[in-house]
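Trainee: Start from the sequences, fold in the hints, and give me the full structure.
Each chain, written out:
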Amino acid sequence: MQTVDYSQELAVIEKRPSLREIDEIISKPLETKPDKKYYLALSITVTMLMIGVVGLGLSFYYGTGLWGNNNPVGWGFPIVNFVFWVGIGHAGTLISAILFLFRQKWRTGIARFAEGMTIFAVMTAGIFPLIHVGRPWLAGYLFPYPNQHSLWVNFSSPLLWDVFAVSTYFTVSLIFWYVGLIPDFATLRDRTKNKIKKLTYSVFSLGWRHSNRHWQHYEMVYLILAGFATPLVLSVHTIVSFDFAISIIPGWHTTIFPPYFVAGAVFSGFAMVQNVLIFIRKIFNFEHIITLDTLEKMNKIILLTGSMVGYAYAMEFFIAWYSGVQPEQFAFINRAFGPYAWAYWIMVTCNVVFPQLFWIKKIRRTIPVMFAIAVLVNVGMWFERFVITVTSLSRDYLPSSWAYYTPTLTDFAILIGSFGLFFTLMLLFTKTLPVVSIAEVKAVLEDAQPSHKDH
Amino acid sequence: MSDNKKVTNPNFWRSLKEYHDNDAVFTAKVNEFNEGVTDEFDPSEISPVSRRKFLALLSASAAFAVTSCTDYRDKGEIIPYTKRPEGVLPGKPNFYASTCTACEQNCGILVKTREGRPVKVDGNPDHPINKGKLCTTGQASILNLYDPDRLQYPLKGKSKTDWNEVDSSVISSFKKSISEGKEIAVLTGLITSPTTSKLLNDFVNAFPTSRVYSYGLFTNKNRLDAWKESYGSDSLPAVDFDKADVILSLDSDFLGRDGSTIENMRKYSSRRDVLNNSNFNRLYVAEGGMSLTGMNADYRLRVKPNLQLEFVLSLANEIALKRNASEIDLSGNTLSLVSKYSLNEFVEKYSLNEKYVNNLVFDLIQNKGNAIVYAGDTLSKETHLAVNLLNEILGNTPVYSNSTTTFQKPIVSTIEIKELISKMNSGKVGVVIHFDTNPVYHLPKDLGYTESLSKVNLSLTFSQSVNETSVNSNYTLPIHNDLESWNDFLTRDNIYSLQQPVIAPLFDSRQKESALLRWINENDNYSEDIYHKYLMNNFEKNIYSKFDTPTDFKTFWYTSLHDGVLELKNNSSPLSFNSNSLNNIKVESNNAITLHLQKNYFLGDGRFANNGWLQETPHPVSKIAWDNYAAVSPSTASKLSIENDDVIKIEADGKQIEIAAFVQPGMADDLIVIELGYGRTEAGDVGSNVGFNANNFIVYGNDSVKYNLDDVNISRTGKRYALASTQEHHAIDDTFVKDFHYIRKIIQEGTLQEYKENPKFLDKNKYDIFDITQPHIYEGLKWGMAIDLNKCTSCAACVTSCNVENNVPVVGKEQVAMGREMQWMRIDRYYSGTPEEPVVSAQPMLCQHCDNAPCENVCPVNATNHSSDGLNQMAYNRCVGTRYCANNCPYKVRRFNFYNFRDHFANAYYENDLTALVNNPEVTVRSRGVMEKCTFCVQRIMDERENAIREGREIIGDNVKTACQVACPTDAIVFGNINDSKSDVAKYRNHELGYHVLESLNVRPNVTYLAKLRNTHSEEV
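Chains A and B, in that order, are what the protein sequence lines are. Numbering follows the working numbering, with no gaps: position 368 of the first sequence is 368. Numbering follows the working numbering, with no gaps: position 460 of the second sequence is 460.
You may find that some hints are simply not true.
Said to hold, decoys possible - Residues from chain B that face chain A, not an exhaustive set, calculated with beta carbons under 7 angstroms:
(1) Q727
(2) K738
(3) F740
(4) D828
(5) S832
(6) G833
(7) P860
(8) Y884
(9) P890
(10) M942
(11) N959
(12) K961
Said to hold, decoys possible - Cut-off 20 angstroms, straight-line C-alpha distance, at most; resulting in silico cross-link-like pairs (EDC-like, lysine to aspartate or glutamate):
(13) K738/B <-> E328/A
(14) K745/B <-> E328/A
(15) K442/A <-> E24/A
(16) K649/B <-> D685/B
(17) K569/B <-> E540/B
(18) K546/B <-> D563/B
Since the hints were made in silico from the structure, they are not lab data. All residues carry an ideal CB built from backbone N, CA and C; glycine is no exception.
Mentor: This is the structure:
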């Protein structure tokens, strides 16, 4: 049996790059002109975005009738997409805040990028609650503002809690992201010779001079923000789950939803981060910064959260049986064997079965396989939201009003558009901001901290 | 300043500067204590705009800026109502009594008008037949008044013409025909109006070669002919179903389609009134298709229509000969005929439920004289003759009403129709007048009516809109809607009702009677009131004279118009049965597949095809809207491997049709039922090409019209056709979803016997529910509704009444198929039992106005909330359309405007100035993106509140009648203040049969349902 030397900390960054090398390699994408491949990728994502814009434009012009929603199934693709994207937005803050508090050094390579993804995913998600309403031009009614009608919003509605939860999460994530960027802006400001860039970076770096005093303040702020963001990671999807759990619809009205949703969100978020990072590390030659070890650690989290989600699926069935409530029992039997059984089994296979392969170390460390599994996880998690939203509504209490929901082309156009928006923002991000935190990576270099090695 | 003296060499000085430079110091000294501006200014240099002018300009430009931001539109000329027309109070409706002509039953109606336009039609409470109730078709017929497809001027061919041109060319054609000895044929529907009948007589007198042909797509001619043979009378009595303890209906949908359904439903359900009369009747139905009456049956036997004759004769044999219980002596041919059939053999041969048949025979004998056997209009004359015999055997004639119906013009025989067509073909007919009928659509193609029409010199079609006949005619003449017309009707031989216009004619149309009158008096000019005068004249001569009254004619006339109905003396004679009427009966038994053509429920003879409300009302049994279909039983379907939505080819009698199939549980095997009245090709934007036209299959036999065809061939075409249903069709025997309505306590039922033994038998289903919060206490008013499922027949009159009252839009077939119908009220239908012999439960479902409404707490913007008197309210203006409320409604009664449906349906067919007039001004017209639902007719509650305030009294709950309640023919719906212990609704709510749907959710609904009691046989059980 091979012994592991636990007295030695494993290097997070491989190849022992010098500090200057770190600066150079991370800021390289920002200092070079985009190549053909970049434009090709951008044109694909922008096309997807435009498909969504057309779908949305038609929906605004003609009405939500262009979607597949009907009388029992009031919520269809838009809400499914909303929950999906909010879920994707969970990994970033989890990595940067919670893992920061737990002093997980391997997070430094991926934190910035994951945070960026959070911001973009929440932006994408945030569109859906506004566009899914029947009269989007009145969506402002959802915000509590003083008005001449003396009308206030209904604070007992989970949809309103959503408004607060998502907007708070977005704001805090954005601030956290920005604060983390300040030292890097300063580095970039010092490197660049372009005047406009210099001006922009100067403004955003807020006069950062890498002084000891700055670092002291910075570390404190970062710690406080991390502490502040940590509960939000848990609260956002908890509150999103309340949209369902607070209702009385069988299959929605379950107390397991908050932890189950959070686990699912982290699950899908990590899968998405892993997917995108596999490209990033290859394209930008970050393989020694975002190491295979880091990817493996992410796969372990996917395995953990995937198992939690699988447990939740099983527990839902148990509780439905244990409750003795017939509509509840039927809701779950109907999920597995009713008209939407296909969606249910896609969900179970993708979310429960495939991630279990990560028990095998070889699979955890083989990039193509882990990539495929993470893609399936995201497919499965999208279907999880579809199964929850649609199957419960399509067959609820009165069999007389049951109906099958079939999405329309417009629904798919908007779904494609959401991916288009997300990846467009992602691509712009890679060319405008450092996708890996320069300062933090420097801090975890093998020689960065005083050590007793070689003494 | 300039006039100040300049002082040189001052006498005293304060500084050297003052001494030497006197000017500057002097100026400074002068200005030392000046106020305001001290600088010199030139008035020519300052702006010519004065302060006042500036302020004026400022305010003017602000006003411009503000007004340019408003959505000011030219709203047309506004005319002050300074000279108010007498009797019209803006905001207050006027009601006028009139008569409905949607079918030949001619119910009395009360038309509600607002500011001169009719907005709602309800039954006339003073009318002795319908007693304030009106069917779905009658309710929705108001939309036809405002139908955008209505003809606005006469057409010659397809081009516009004017009435003068029509008058001159018609009169000259008449003259030419007479001189050539050619016939002038008038094709009319069934005539129940004595004055129209007199007018037609006058017409025949004026134009001696003319002849009147009265026919219909469906008539009760078979029943009438049989009655005449059995009893020698043309006057057909109504049936007092309230007198019958046992009813056997043979393919008769007497609650849904056959005869005076409103009256039948009322009388039938008066014996299902658990609050006042627990002496229930028992309903046996022997039928092939699955009808509304069959849904309500206590026992249902599946008998194909062509076997009904054999069934009746077998029953007669069993009762009269085997059990020796006949009230009359059978002799001669009748005896030998009856003795040929054995009930046991019949039961065995067609595998009927033996127990049910035994119960039936037992009950019929036990209740002799208080039972009725009633056969459907579409059955053969022979069957009706046999039914008359069976009723005589059982001595059931006292159940016949004294009130009889006689058509004013006899229905023509099939031979006369055929002769007319051959005369037309041989050029012996000069003019054909279609008196608001549509024979090109109604008559089977093999008669060749369409072709013969082209051989007639002149053909005229009176119609409200273009139809199949009018496009084949020379002239299409627009006629008044019923609500623009004058007329009178003999609803029954002893009940006379008047029709009066409630709105001036909207278009350049004429009442069809007026047009004839204009032609009869060819030298007079047309005036709008010629028929009005003619009617008054006739009324004075024939009606007024019958009343020995001291009032003068004018007063009597206005009183009659006000009441809308007059009861005449009844001169019915006792019935005498001719037992030899059955001499020529032949019984054919046939095991091949039979095709049965049935009436549809809502579209009349097809004339209401262009009425969106009616097309969208789901079929009472199958819940399919916007289509007819070939219904087959589940076992026949699997035998022929047919599934729902398969297009099948039906061949019979040398004709064929391709039609969508629908597997209907409860149908007799080897039977296809198609409802007629669909498949119009020239009905307008709404009604054209909706459903399938199977009129071709009607057989114009030698003596009667046949609606049953034997030896039908069925083949699959491999094509599919999507039928749109408002209820998903679950396989009834799928254990996965079976009997959910019982398991979930949506439907609670029992038997009458069970109830009598233990009136509180439902209590075992009650939950012990507690609130974790303090429940809100409602003091004073609290609105609630009760629906008695014993009385409800699921006729859907409430649904349509609600549509009209609450401006519910038409969404169209494709939206119904997507599950987006907008009706606030629906009738849920559930099956239990086997697919072959299902037990049907129906339940009107509407917003339950729950105390703990789950929709309310999830709305993020408070658009739906609770009123202090217990209403679940919707603030449309506040609604952003998250649809969360609809998701969270366990009853799924909320309806979302996925589109602006008025704009979306059929290229904005109903979005125009004309159709907008049908909207109830008291109810907001909802637009896109807004949730809506039943309001408990809050506008009517507000009306009562206004009245109470004006009269200085408390609100009386029973004064508020919701639209569905007013329409319900059986008074199954009760509304009022549930905190008023004396109110009807409180009685229902506290009744031991009262329950709430999904009680276990503790949402505390305010609609109480009274559990249905089935009057099954307890004597032997």
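Trainee: Any hints this thing doesn't respect? Which numbers, in order?
Mentor: 2, 5, 6, 10, 11, 12 and 16
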